[in-house]
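If you want the building blocks of each chain, they are given just below.
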Amino acid sequence: MPSIDSLFGIHASALKLREQRMAMLASNIANAATPGYKARDIDFSAALQMSEDGQSPEAAIRYRIPVQPSLDGNTVELATEQTAFAENALAYRSSLSFLNGRIGTITRALKGE
Amino acid sequence: MTNNLSIFDISGRAMSAHLVRLNTTASNLANAGTVSGSESTAFRAMKPVFRTVMGEAGQATVQVDRIDTSTTAPVKRYEPTHPLADKEGNIWEAAVDSAAEMVEMLETSRQYQNNVQVLATAKGLLSETLRLGQ
Numbered sequence: 002m003p004s005i006d007s008l009f010g011i012h013a014s015a016l017k018l019r020e021q022r023m024a025m026l027a028s029n030i031a032n033a034a035t036p037g038y039k040a041r042d043i044d045f046s047a048a049l050q051m052s053e054d055g056q057s058p059e060a061a062i063r064y065r066i067p068v069q070p071s072l073d074g075n076t077v078e079l080a081t082e083q084t085a086f087a088e089n090a091l092a093y094r095s096s097l098s099f100l101n102g103r104i105g106t107i108t109r110a111l112k113g114e
Numbered sequence: 039m040t041n042n043l044s045i046f047d048i049s050g051r052a053m054s055a056h057l058v059r060l061n062t063t064a065s066n067l068a069n070a071g072t073v074s075g076s077e078s079t080a081f082r083a084m085k086p087v088f089r090t091v092m093g094e095a096g097q098a099t100v101q102v103d104r105i106d107t108s109t110t111a112p113v114k115r116y117e118p119t120h121p122l123a124d125k126e127g128n129i130w131e132a133a134v135d136s137a138a139e140m141v142e143m144l145e146t147s148r149q150y151q152n153n154v155q156v157l158a159t160a161k162g163l164l165s166e167t168l169r170l171g172q
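From first to last, the protein sequence lines stand for chains A and B. No gaps in the numbering here: position 16 of the first sequence is 17 in the working numbering, and each next residue is one more. No gaps in the numbering here: position 72 of the second sequence is 110 in the working numbering, and each next residue is one more.
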């Protein structure tokens with residue numbers, strides 16, 4: 002019998018990672034005015050590979066290299082963070098719709114329609 | 039100390055920190071024109087200092103660490119007819135840079151809006167996840 006993980010494929014772990022990345026980007030946006038804060042992000046493909054291999058994806062956290070660092074040591078660039086956040090939200094939505102489609106398929110198969 | 043922060047904690051606490059910042063800006067602007075009879079009692083601009091609060095796995099939120107008082111000296115003005123003037127006829131104007139405070143206000147409100155937007159997006163995504171399979 003297939004486990005729930007193989008039922009949903011890569012999107013189950015992708016959704017979890019997307020949520021983690023969303024919290025991380027939200028942290029960056031929250032700290033946009035904090036002196037000395039260093040923006041961080043997840044290397045998504047590396048993190049996905051790690052969680053597929055059963056490792057903790059925390060090793061895929063990287064510091065963002067700023068285009069133009071500010072004098073107070075803060076490396077948050079709002080334009081970058083906002084684009085990354087929007088892209089991440091869209092990818093989360095697409096994972097959700099893939100999952101929805103999969104659930105729909107299985108439900109139809111179960112009902113025998 | 040590490041603690042698990044939800045996205046609502048992160049943005050919510052950032053919003054309250056920015057509200058404190060907006061409040062100090064409002065106080066500074068409200069006191070921009072005030073005069074005083076001595077240098078020590080003259081109003082000096084206040085400025086909050088933010089500090090990162092770390093959570094688990096790269097999450098972080100922000101809180102107000104302390105509120106600093108500006109080191110800019112109040113402007114001394116010779117105005118002997120003023121009711122608050124001291125023996126030499128001097129009064130002190132509040133050490134507030136109105137233009138800088140206006141810029142501060144704009145930046146704060148933009149960042150508050152950013153956090154609200156993050157919260158709205160996260161809320162939308164999470165409620166979509168709740169409806170998964172329906």
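One or more of the hints may lead you astray.
To be verified - Once the Cα atoms are required to be at most 27 Å apart in a straight line, the calculated DSSO-like pairs of lysine-lysine come out as:
{"id": "1", "chain 1": "A", "residue 1": "K17", "chain 2": "B", "residue 2": "K161"}
{"id": "2", "chain 1": "A", "residue 1": "K39", "chain 2": "B", "residue 2": "K161"}
{"id": "3", "chain 1": "B", "residue 1": "K85", "chain 2": "B", "residue 2": "K125"}
{"id": "4", "chain 1": "B", "residue 1": "K114", "chain 2": "A", "residue 2": "K39"}
{"id": "5", "chain 1": "B", "residue 1": "K114", "chain 2": "B", "residue 2": "K125"}
{"id": "6", "chain 1": "A", "residue 1": "K39", "chain 2": "A", "residue 2": "K17"}
Source of the hints: derived by calculation from the structure; they are not laboratory data.
Open item on the list: So if I understand the rule, the pair passes when the alpha-carbon distance is 27 Å or less; does K39(A) with K161(B) pass?
Closed with: 26 Å, holds
Task: Pairwise hint evaluation, K125(B) against K85(B), where the allowed Cα distance is 27 Å at most - done: 32 Å, violated
Task: Holds or violated: K39(A) to K17(A), with C-alpha atoms at most 27 Å apart - done: 24 Å, holds
TODO: Decide if the proposed pair is consistent with the structure: K114(B) and K39(A), CA atoms, cutoff 27 Å inclusive.
DONE: Violated, at about 41 Å.
Open item on the list: Run the distance test for K17(A) versus K161(B): straight-line Cα separation, threshold 27 Å.
Closed with: Distance of about 15 Å is within 27 Å: holds.
TODO: Mind checking the alpha carbons of K114(B) and K125(B) for me, to see if they're no more than 27 Å apart?
DONE: Status holds; Cα separation ~14 Å.
Hints 3, 4 from the list above are not met by this structure, while the remaining hints are.
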